[in-house]
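Novice: Below, each chain spelled out in residue letters.
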Amino acid sequence: MLAKRIIPCLDVRDGRVVKGTRFINLKDAGDPVERAEFYNREGADEIVFLDITASFEKRRAIVEVVEKTADAVFIPLTVGGGIDTVEFMQELLQSGADKVSLNTAILKNPGLIQAGAERFGNQCIVVAIDARRVNQSAPADNLQWEVYSHGGRYPTGRDAIEWAIEAERLGAGEILLTSMDADGTLDGYDTALLAAITGAVGIPVIASGGAGTLEHLYQALTVGKAHAVLAASILHYGTYSIKDIKNYLAAKGLPVRPINN
Amino acid sequence: MSSLVIIDSECANLNSIYKAARKVALEPVISDNPHIISSAPAIIFPGVGSFAHAASLLSKKKLTEALLEAIARGKPFLGICLGMQLLFSKSEETSLSRLNEPSEGLNAVPGEVRRFPAGLPIPHVGWNRVDPVFEHPLFAGINDGAYFYFTHSYYARPEHKDNLLGLTEYGFSFTSAVISGNLYGVQFHPEKSGPAGLRLLSNFGKIIADQL
Numbered sequence: 000m001l002a003k004r005i006i007p008c009l010d011v012r013d014g015r016v017v018k019g020t021r022f023i024n025l026k027d028a029g030d031p032v033e034r035a036e037f038y039n040r041e042g043a044d045e046i047v048f049l050d051i052t053a054s055f056e057k058r059r060a061i062v063e064v065v066e067k068t069a070d071a072v073f074i075p076l077t078v079g080g081g082i083d084t085v086e087f088m089q090e091l092l093q094s095g096a097d098k099v100s101l102n103t104a105i106l107k108n109p110g111l112i113q114a115g116a117e118r119f120g121n122q123c124i125v126v127a128i129d130a131r132r133v134n135q136s137a138p139a140d141n142l143q144w145e146v147y148s149h150g151g152r153y154p155t156g157r158d159a160i161e162w163a164i165e166a167e168r169l170g171a172g173e174i175l176l177t178s179m180d181a182d183g184t185l186d187g188y189d190t191a192l193l194a195a196i197t198g199a200v201g202i203p204v205i206a207s208g209g210a211g212t213l214e215h216l217y218q219a220l221t222v223g224k225a226h227a228v229l230a231a232s233i234l235h236y237g238t239y240s241i242k243d244i245k246n247y248l249a250a251k252g253l254p255v256r257p258i259n260n
Numbered sequence: 000m001s002s003l004v005i006i007d008s009e010c011a012n013l014n015s016i017y018k019a020a021r022k023v024a025l026e027p028v029i030s031d032n033p034h035i036i037s038s039a040p041a042i043i044f045p046g047v048g049s050f051a052h053a054a055s056l057l058s059k060k061k062l063t064e065a066l067l068e069a070i071a072r073g074k075p076f077l078g079i080c081l082g083m084q085l086l087f088s089k090s091e092e093t094s095l096s097r098l099n100e101p102s103e104g105l106n107a108v109p110g111e112v113r114r115f116p117a118g119l120p121i122p123h124v125g126w127n128r129v130d131p132v133f134e135h136p137l138f139a140g141i142n143d144g145a146y147f148y149f150t151h152s153y154y155a156r157p158e159h160k161d162n163l164l165g166l167t168e169y170g171f172s173f174t175s176a177v178i179s180g181n182l183y184g185v186q187f188h189p190e191k192s193g194p195a196g197l198r199l200l201s202n203f204g205k206i207i208a209d210q211l
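Residue numbers (numbering that gives the first Met the number 0), protein chains in the order written: chain A, 0 to 260; chain B, 0 to 211.
Bear in mind the hints are in silico, worked out from the structure with no lab data behind them.
From the three backbone atoms N, C-alpha and C, an ideal C-beta is built for every residue, glycine too.
Watch out, some of these pointers could steer you wrong.
[Unchecked claim] These stretches of chain A come out as covered by chain B in the derived footprint (C-beta under 8 Å, 3 or more residues): (1) 66-73; (2) 87-99; (3) 193-203.
[Claimed, not checked] Some, not all, of what chain B presents toward chain A, calculated at C-beta under 7 Å: (4) Asn127; (5) Pro131; (6) Gly193.
Just chain A, same shape as in the assembly (with noise of 0.2 Å):
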């Protein structure tokens, strides 16, 4: 049976990890590559760099980061953050990146998704979607949710279920789907939103933003119907570990991958 994925996700900025303060044991916490062992040795299924870079001319650092990253976790690697063409992704897929999660660049451009699935198979493209609530106050049989682009910073008037069929027609992996609402709450993922795109789509959705709690991670794979979840502040303020995690969602009955598997 396919297991609940438990993936840390890290944010890089000039190649180096912005969030983090349990990492005592660790030499340099802001090494990306040193986390990244860390999450692998911990038991975490993926790993995610959302590169947050905001320079163009430095954003060179984050294809060294994947290269040293891919010598040394044997774990998949997806790599977020600012690729605007097939050639970078071709460039982070030859360091060593199995998955790039696409955004705003897609929202501008729809026929990136297709360009990238041809070229590399679909399994390679993961689709971000930023959403954001349109009506707070909404009654629950009546939600909608629109698209943000740049980090969640703009509105773009696209429809977050809509778009995510898109993205699935025209070529996406996956989805990484994250509640701008939820986003940093640690109140909770919005699983109205994960399971109106889960029902949605056929491709896997990957949950992101709220998580605070182990219960909060297991409404998001039940009630949201989710197949992984995305995790950073819980993991970096070090209030959970993957184990944790693990052991939580087993006891409830849904399957993950062993620690020492």
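Could you slot chain B onto chain A? The hints should help.
Specialist: Below, chain B alone, put in the same frame as chain A:
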């Protein structure tokens, strides 16, 4: 001379396989030279992407014959993911230009490759269990039912039970590892399957060493 050639199938995960092989002390070379391939002491045949594209690339690079020759010589041969599927006779995964014809594979393992039926999420992405159907050195030291990383939309159906090496559940039981003499194929990605995957690659290295 290197004892192991990784076929340059121009796929995205070529470097990952190279790195993982190096990690388990193998010394692979990456090549698309038919002469090197046909006389290689051992081969890893990786692949991701579409069956038809890969099959036409093999024929364009004149690798089809070289691969068949290496297989006929009985050298240790490991197909990974699409590299395993290409060992089969044909696939339902059609090319855009030949929509109604099944794509032809190397036909080293009789059988065909089919798309997963609708209902479950496709592609089948993530960690799933592999149960070897009999004890084999390729799975030495790996627990029965250990998890490996998969990402694929099509699965292989060998015609003969003798070719079955491993099974995985995804709505139904499908073939996740095949064998035919010294020829092996795995649907999952050992190079991305953590310690279990590295162990499998190291086991393949032992199989190679035992035959040199």
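Novice: Does each hint fit the structure? Answer for all of them.
Specialist: So, going through the hints one by one against the coordinates:
1. Evaluation of the coverage hint for the region 66-73 of chain A: fulfilled, as 3 residues show C-beta separations to chain B shorter than 8 Å, against a requirement of three.
2. Against chain B, the region 87-99 of chain A contributes 6 residues with a C-beta closer than 8 Å to a partner C-beta. That satisfies the three-residue criterion, and the hint holds.
3. For the region 193-203 of chain A, the stated coverage by chain B is satisfied: 3 residues place a CB nearer than 8 Å to a CB of that chain, which reaches the threshold of 3.
4. With 7 Å as the threshold, the beta carbon of B/Asn127 comes within range of chain A, its nearest partner Cβ sitting at about 5 Å, so the hint holds.
5. Given the 7 Å rule on beta carbons, the hint for B/Pro131 is violated: about 15 Å separates it from the nearest Cβ of chain A.
6. The closest approach between the C-beta of B/Gly193 and any C-beta of chain A is roughly 5 Å, which is under the 7 Å cut-off, so the hint is satisfied.
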